[in-house]
Amino acid sequence: MGKQKSSYKTALEGLHHYLSRYLPISRSEFQHLLPYIEIREYDKKAKVTKEGEVERYFNIIARGLVRKYLPLKNGEQTIQLAVEGHIIHSELSFFYRTPSTSVVETIEPTVFLSISYESLEQLYKQHPKFERIGRLIITDLFVRKDHRFFDQLRKNTRERFLDYIKTHSHMLQRVPQKYIASYLNIKPETFSRLKHLMRPAKKS
Amino acid sequence: MLDTLKKYISGFVSLTNEEFALMANELVIRNFDKRELLTRAGEVENYLNFVVKGLVRKYFYKGRTEIITQIAKEGEFINSSASFLSGNPSPYLVETLEPSTFLSVTRDQLERLYENNPRIERVGRIVITHLFLQREEWEHECLRLDTRERFLRFVENNPDLMQRVPQKYLASYLNMKPETFSRLKHLIQRPRTAAR
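Protein chains in written order, with this note's numbering: chain A, 1 to 204; chain B, 1001 to 1196.
For the record, the hints were derived by calculation from the structure and aren't laboratory data. Take these hints with a grain of salt, some might be off.
Claimed, not checked - To give an idea of the chain B side of the interface with chain A (calculated C-beta under 10 Å), a few residues:
{"no.": "1", "residue": "P1091"}
{"no.": "2", "residue": "H1140"}
{"no.": "3", "residue": "Q1167"}
{"no.": "4", "residue": "K1168"}
As the list claims (entries may be wrong) - Looking from chain B toward chain A, a few residues come up when the C-beta cut is under 8 Å (computed):
{"no.": "5", "residue": "K1062"}
{"no.": "6", "residue": "E1066"}
{"no.": "7", "residue": "S1086"}
{"no.": "8", "residue": "P1089"}
{"no.": "9", "residue": "I1128"}
{"no.": "10", "residue": "T1129"}
{"no.": "11", "residue": "L1133"}
{"no.": "12", "residue": "E1139"}
{"no.": "13", "residue": "R1144"}
{"no.": "14", "residue": "P1166"}
Nothing here was measured: the structure is a model prediction, and the numbers come from that model. Cβ atoms here follow ideal geometry from the backbone N, Cα and C, with glycine treated the same way.
With these hints in hand, go ahead and build the complete structure from the sequences.
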């Protein structure tokens, strides 16, 4: 990467802050991490990870908007929508070192703070504290995933829609509607219809 | 009894005998009859359980319907995982289907192990990652495969569970109606005998 890390001071500070939510990290400890981090920039609508390739990176979004989808016979099924501060990559491929069945693609121009598989293994070996942070992050991701899984099973379409717009109003402004509909597993027509329901409630 | 666990862990990380002993020291053996609850809805999950012997299901109530989200047998982990990891009350129940024996560890014991031994913490990280990925894979399969494909894949990977688990539970786990499950079962009878 030709990019100077110093020009991404804010993004790196954001990362320090983000990791410190899991475990306090001193400035000097954070310095240990920096050599392992790569800054990667993508245009909008760029494929970050293609189907069939082995995922090389664990990415945190410094700036931008990214989606992950499964290419299926009958179209693309969106499985994740991620913005600043979120983690997005093809996890199964990254951890199992197998060809990815999902695609990671930017929606807006995006900057990632990334760490490669090899670097992450090195980091864990050299600095056990980061292994603990790794454990705490994956635990958090698992708990969130379980929560979402539970919601999907328990709630109907309307409830899922209402919950999403309540908790992700910022996404509605940025993400094309068809992607949100796909993510919520709702037909685009149903999504539009539900959106009309929302108008009066929004004003009050 | 510890051998099964040792084998499971060595699939991820090679621990020395000493490290394994340190961990084994914190485990408790728990026995349950069939149809006993390990965890109730609304409780905070206190244990992580490794199934040494037996069969267990995890489920929740949607209205009055039970929705099964996991069926675990020998050599697998089961608990109300999100509750165990977050400390929030469990929406799930965990219940034995057969008389079962577990090697269990409490959250406090586990934390102590992590604190004292980075290699055991590594095991913890890898096991959680594995649980996370299993869930991810399950979600992908639900989206990618239709009912019939999901059924066939399950049968292929878990021929033993077809014998051990009541059909209505398998149907619930696979998110299909019991009638659909019965119908699909007829599909497999012929190829299965042919394969033997």
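Restraint outcome when H1140 of chain B is required to lie within 10 Å of chain A by C-beta distance: With a closest approach of 6 Å, the H1140 of chain B hint holds.
Interface hint status, L1133 of chain B versus chain A (Cβ within 8 Å): 6 Å, holds
Given hint K1062 of chain B near chain A, where the shortest CB pair must fall under 8 Å: 6 Å, holds
Cut-off 8 Å, beta-carbon criterion: hint that P1089 of chain B touches chain A: Since the shortest Cβ distance to chain A is 13 Å, the answer is violated.
Proposed interface contact between S1086 of chain B and chain A, which counts if any beta carbon pair is under 8 Å: 5 Å, holds
Cut-off 10 Å, beta-carbon criterion: hint that K1168 of chain B touches chain A: Interface hint status for K1168 of chain B: violated (17 Å vs cutoff 10 Å).
Restraint satisfaction for P1166 of chain B [CB to CB of chain A, less than 8 Å]: Violated, about 20 Å.
Interface hint compliance - I1128 of chain B to chain A, C-beta minimum distance less than 8 Å: Holds, about 5 Å.
Hint validity - E1139 of chain B Cβ closer than 8 Å to any chain A Cβ: Holds, because the Cβ-Cβ distance from E1139 of chain B to chain A comes to roughly 7 Å (cut-off 8 Å).
Chain A contact restraint on T1129 of chain B - CB to CB distance below 8 Å: Interface hint status for T1129 of chain B: holds (5 Å vs cutoff 8 Å).
Interface hint for R1144 of chain B, Cβ within 8 Å of any Cβ on chain A: 6 Å, holds
Cut-off 10 Å, beta-carbon criterion: hint that Q1167 of chain B touches chain A: This hint is violated: Q1167 of chain B lies away from chain A, its Cβ roughly 20 Å from the closest one there, beyond 10 Å.
The structure fails to meet hints 3, 4, 6, 8 and 14 from the earlier list, while all remaining hints are met.
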